[in-house]
Amino acid sequence: MKKSRKLLAMVFSGALLLTSCGTSDSGGGSSAGTSSQDTDVVAAVSLDFTTMDPVDTSDTLSGGIQRLIMDGMFGFDDDMNNIPMLATGFTANDDATEYVLTLREGISFTDGTPWDAAAAKANLDKLADTSRGLKRTSLLGPIIDTVEITGDYEVTVKLTQPFGAFIATLAHPACVMMSPKVLEKGDAECAAAPVGTGQYKFVEWESGDHLKVELNKDWWGYEAGLADKDSGFKSVNFKVVTESATRVSMIQSGDAQFIWPIPTESYETLDADSNVKVYSDEGIVVYYLCMNTQKAPFDDIRVRQAMNYAIDKDAYITIIRNGLGTKATSLIGPAVAGYKKNEPIEYNVDKAKELLKEAGYEDGFEITQYYSSNSANEKTAQFMQQQLAEVGIKVNLVGQESAITNALIQDCTKPGSEAEVDIYHTGWSPSTGDADWALRPLLATEMCPPANYNISYFANEDYDALIHGALETADQDERNKLYAEAQDIIWEELPIVPLANSFNTWATSTNLENVKIYKDGAINIRNAKFAGQ
Amino acid sequence: MVRYLVKKILETLLTLFIVTTAVFFFVRMIPGDPARVIAGEQATLEDVENVRESLGLNKPVTEQYVIYVSGLLKGDLGTSLRTKRPVTFELKNRYPNTIKLASMAILWSATVGILLGVWSARHRTKWQDYLGMTIAVSGISLPNFWIGFMLISLFSVKLHLLPSTGTDSFKSFILPALTLGTNIMAILARFTRSSMIEQLKEDYIRTARSKGIGETPVTWKHAFRNSMISVVTVIGMQFGFLIGGSVVTEQVFAFNGIGTLLVTSVSFRDYPCIQSLILIFSLHFIIINLIVDILYAVLNPEIQLS
Amino acid sequence: MSKDNNKVKFSRFNDFLRKFRKQKSAIFALVILLILVLIAIFCYQIAPYGINEYDYSSVLQGPSAAHWFGTDEFGRDLFSRILCGTRISLTVGLCAVTVGAISGTVLGLIAGYYGGIAESLIMRMCDVLFAFPGIILAIAIIAILGSGMTNVVIAVAVFSMPTFCRLVRSSVLATKESVYVQAERSLGATDSRILFKHILPAAFPNIIVQYTMSIGNSIMTASSLSFLGMGAQAPTPEWGLILSTGRTYMVNAVHMMLFPGLAIFITVLCFNLLGDGLRDALDPKLSD
Chain S
1 MKKSRKLLAM VFSGALLLTS CGTSDSGGGS SAGTSSQDTD VVAAVSLDFT TMDPVDTSDT
61 LSGGIQRLIM DGMFGFDDDM NNIPMLATGF TANDDATEYV LTLREGISFT DGTPWDAAAA
121 KANLDKLADT SRGLKRTSLL GPIIDTVEIT GDYEVTVKLT QPFGAFIATL AHPACVMMSP
181 KVLEKGDAEC AAAPVGTGQY KFVEWESGDH LKVELNKDWW GYEAGLADKD SGFKSVNFKV
241 VTESATRVSM IQSGDAQFIW PIPTESYETL DADSNVKVYS DEGIVVYYLC MNTQKAPFDD
301 IRVRQAMNYA IDKDAYITII RNGLGTKATS LIGPAVAGYK KNEPIEYNVD KAKELLKEAG
361 YEDGFEITQY YSSNSANEKT AQFMQQQLAE VGIKVNLVGQ ESAITNALIQ DCTKPGSEAE
421 VDIYHTGWSP STGDADWALR PLLATEMCPP ANYNISYFAN EDYDALIHGA LETADQDERN
481 KLYAEAQDII WEELPIVPLA NSFNTWATST NLENVKIYKD GAINIRNAKF AGQ
Chain A
1 MVRYLVKKIL ETLLTLFIVT TAVFFFVRMI PGDPARVIAG EQATLEDVEN VRESLGLNKP
61 VTEQYVIYVS GLLKGDLGTS LRTKRPVTFE LKNRYPNTIK LASMAILWSA TVGILLGVWS
121 ARHRTKWQDY LGMTIAVSGI SLPNFWIGFM LISLFSVKLH LLPSTGTDSF KSFILPALTL
181 GTNIMAILAR FTRSSMIEQL KEDYIRTARS KGIGETPVTW KHAFRNSMIS VVTVIGMQFG
241 FLIGGSVVTE QVFAFNGIGT LLVTSVSFRD YPCIQSLILI FSLHFIIINL IVDILYAVLN
301 PEIQLS
Chain D
1 MSKDNNKVKF SRFNDFLRKF RKQKSAIFAL VILLILVLIA IFCYQIAPYG INEYDYSSVL
61 QGPSAAHWFG TDEFGRDLFS RILCGTRISL TVGLCAVTVG AISGTVLGLI AGYYGGIAES
121 LIMRMCDVLF AFPGIILAIA IIAILGSGMT NVVIAVAVFS MPTFCRLVRS SVLATKESVY
181 VQAERSLGAT DSRILFKHIL PAAFPNIIVQ YTMSIGNSIM TASSLSFLGM GAQAPTPEWG
241 LILSTGRTYM VNAVHMMLFP GLAIFITVLC FNLLGDGLRD ALDPKLSD
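Residue numbers (the working numbering), protein chains in the order written: chain S, 1 to 533; chain A, 1 to 306; chain D, 1 to 288.
Wrong hints could be hidden among the right ones.
[Said to hold, decoys possible] Some but not every residue of chain D turned toward chain A, in silico, with C-beta under 7 Å: (1) D127; (2) S224; (3) V251; (4) L269.
Read the hints as simulated data drawn from the structure, not as lab findings.
Glycine is no exception: its CB is placed at the ideal position from the N, C-alpha and C atoms.
Modelling step: build the complete structure from the supplied sequences, incorporating the hints.
Structure follows, in structure tokens:
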């Protein structure tokens with residue numbers, strides 16, 4: 001479930017403007033009586049949480065809740081720009097192999113442990129320790145060489161290789177800082193009872209049912225101007241409600257004050273409900289269709305072009321995204337650092353047929369599309385089948401449990417030409433907000449399965465050189481230039497059919513304001529409060 | 001008698017052992033790699049290998065089996081691969097939830113089922129009988145998940161009367177319990193009816209009637225009392241069935257019970273959780289069957305001979 | 001009780017017919033089932049639209065003159081899809097139960113007639129299978145074999161098998177010791193003659209009742225499996241699958257759940273009514 005957002009509602013953009021101006025101590029309604037900070041709220045979420053250890057988290061939902069409890073050294077503002085959080089700045093050497101991080105002073109974890117260089121080192125060491133079997137140690141484990149305490153509030157990180165995306169990676173949700181006291185107690189404790197410096201404190205988590213956090217009124221972010229002084233709720237109870245229809249009825253009946261994502265089918269229903277405000281905003285997930293470029297018939301560029309003409313992106317957005325999406329203009333969304341726009345390829349059945357004829361497939365061909373069965377994937381797969389049938393391509397659908405599909409697609413050890421995958425529909429969220437964490441894992445040659453997610457088995461030396469070149473410098477302008485060229489190569493070679501930029505959707509009761517979703521799909525309630533209080 | 005009991009109990013233990021072992025090896029036959037599922041769709045091969053090692057899944061299967069069985073004997077169900085917390089912790093709230101749900105379902109369905117059955121039997125071949133049995137046969141023909149959704153769309157979505165999910169109040173148990181109990185109600189109504197019809201044909205009922213005892217006391221004091229044993233047995237057996245049948249119902253209501261946990265655990269290939277849950281499901285079944293067998297033996301000594 | 005000769009058999013059959021004719025609801029169910037069978041055979045000829053004929057401009061429309069049951073998320077005609085789903089559900093139900101009944105009967109005969117180790121083994125296996133509630137056993141089997149209708153048939157067959165096995169075994173145990181079987185045996189009849197001439201016919205009424213009832217049950221289980229995402233492959237118009245898709249649209253398109261549910265209900269109901277009627281007509285205990 002990765003959805004994203006762009007401002008649609010005029011009302012909402014107004015509200016956003018107000019808050020982004022009012023980050024100083026406006027404190028308008030913080031008079032006596034009931035304030036937002038004395039009120040408990042309930043939120044309904046679609047999936048269960050997996051763990052509370054950020055270093056072991058691979059889902060956006062759990063990562064989002066962790067970001068309420070713990071802050072990173074770097075983080076995001078509402079528009080997913082990288083901002084300093086528990087660090088105040090950094091300096092890097094020219095070849096991006098050594099970073100000096102300056103830490104914010106005067107902050108404590110909610111268990112009283114001070115935030116200092118020792119705490120930073122303990123966290124970075126954990127992130128670098130690949131022997132622990134935690135999922136996210138792969139982000140920085142191979143990169144970090146040593147972490148040294150070079151001052152009370154300064155650490156120096158030496159890297160094993162040039163890595164221009166280091167600061168962007170530190171803003172990844174997995175890199176939020178946990179109290180060293182909890183770290184000492186071991187990974188099981190981290191997974192069950194996290195302690196951070198965040199706006200909220202962890203209260204309890206009953207697996208499969210709910211997770212509760214309560215406000216940390218002493219949060220440093222209030223002083224630092226990250227949030228209004230009167231924003232926040234006394235507590236937030238995140239209830240796990242897997243059934244979409246139930247989630248919708250909870251917000252309608254007032255059993256929940258906010259829900260996300262809105263099941264796309266119910267968007268209009270909720271929009272029409274006067275007790276509910278719905279929001280949608282373009283996110284950073286891009287949906288696309290992989291084609292196995294090393295296997296016939298997709299080893300022929302004309303067939304890949306034909307596929308791009310054959311699929312109606314407007315219909316895709318209307319039918320599959322229920323109108324909540326925009327045509328993809330790259331493999332990454334506009335909000336991602338390093339994005340370059342290209343023109344979407346227009347729907348043209350005749351041209352597709354012509355190209356297929358040229359390539360010698362006048363009578364079409366037959367392929368298999370695997371997918372992990374859930375109702376959304378099932379709908380998308382049927383859509384592809386219908387679209388491609390129009391140009392004579394017969395698609396056999398095989399929907400299986402995700403465990404089986406993933407094993408087949410991602411753990412495939414065969415070379416691309418022998419892999420089972422023909423086409424595969426997916427979406428990717430570059431959680432670092434940086435082009436690297438999409439363009440590299442999705443299309444760099446060394447990232448073909450089983451290493452990572454290059455399901456197109458795209459192997460292009462020019463492309464690889466650009467992507468790796470961009471990692472060898474910390475100069476953002478230089479990096480942007482290289483990434484722009486790489487994105488042009490994607491548009492020429494078409495190893496994918498770019499489909500749509502996703503939208504994040506969420507709904508709140510009418511009296512709530514500033515509940516937002518980050519571009520990566522995680523919850524953002526930094527400035528949220530009850531309206532008019 | 002004692003020999004029969006000992007034999008039955010030994011057989012039950014043997015079945016349990018076979019079930020435990022079969023389940024252990026069967027779950028590992030399910031295609032799909034838990035390390036991959038847990039590492040996540042975007043994980044690298046290296047992540048997957050790290051996860052596999054940390055979960056102890058790189059050990060030989062036989063070693064894992066020995067660890068599992070010796071843990072079981074000590075009452076340790078293992079650690080969930082998905083949440084990395086003890087399986088017992090995962091069950092702590094969910095198991096009582098499911099039992100509560102199943103109990104509520106059996107309570108209403110037994111009451112309604114028995115009344116309906118007796119009513120039909122008393123008015124055999126009259127309209128009451130046809131009505132009662134139409135309700136009953138409809139009840140066994142309705143798919144559980146469909147009843148559930150129809151109830152939700154009526155009572156939660158349209159009327160906003162009852163919550164469609166949750167476990168925190170009595171109200172939130174009403175719809176799932178109604179859904180879960182419908183089939184059992186129907187089965188019990190049919191069973192009670194046929195058992196009552198048999199009883200009502202017996203000589204002692206004719207005698208009672210000829211003595212001028214009214215129809216109501218004849219029905220309840222005589223015929224029903226004699227049907228009781230078999231009806232209660234069926235209720236017991238249905239209870240075991242209910243706990244398993246709750247899988248679908250729990251899924252419909254996103255109910256936080258062991259049925260939902262089973263579906264989640266299967267999709268995550270959470271071996272320790274699947275093993276424990278199937279063991280629990282079958283344990284209910286086996287124990288209830290054992291009690292039924294013993295009851296039969298006590299009530300009907302002839303059975304030992306066969 | 002009864003002697004084995006054709007006259008008795010014939011009169012037993014006549015007796016059955018006489019009683020069955022009185023079961024009005026069973027006859028009604030039989031008629032509906034025959035209609036369903038005809039629908040299953042000719043569904044593609046009578047369906048007003050193709051099952052994969054989509055129309056993106058009229059998705060999720062409620063019932064209308066053009067689309068009696070409304071349209072689905074791709075604008076496909078739900079009525080046509082449900083008509084064609086009849087063939088799938090009936091096939092799955094019949095195949096699964098037939099496989100289960102045959103294997104269960106054979107195992108039950110062996111267990112009951114020969115006893116000894118074979119009996120212990122078979123009955124222990126049944127115990128183990130019985131130890132799992134039906135749907136859980138089916139989930140386990142599907143998890144191992146993978147989803148798809150063939151595997152659904154296998155899963156449902158496996159879990160209906162032990163019921164037949166137990167049923168036949170107890171019937172064999174009851175008949176084996178009867179006077180006429182003893183007599184036949186003392187006259188030197190072969191095992192197969194005894195099994196097929198005496199024991200199987202005695203068990204037959206029970207098998208047929210159980211068979212009819214099991215079909216309804218199997219259709220329901222198969223659609224539950226599709227509902228849980230372990231059955232039919234989209235875009236197959238399987239009822240459980242349509243229903244499962246429909247739950248996403250419960251708030252704004254209830255017809256997506258209403259009609260496939262009704263289809264399952266009516267079919268299962270008819271099998272159960274027929275089974276009831278057969279039992280009442282075959283069971284001497286229930287006669288007046």
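Quick rundown of the hints versus the structure:
no.	hint	in the structure
1	D127	holds, 5 Å
2	S224	holds, 5 Å
3	V251	holds, 6 Å
4	L269	holds, 4 Å
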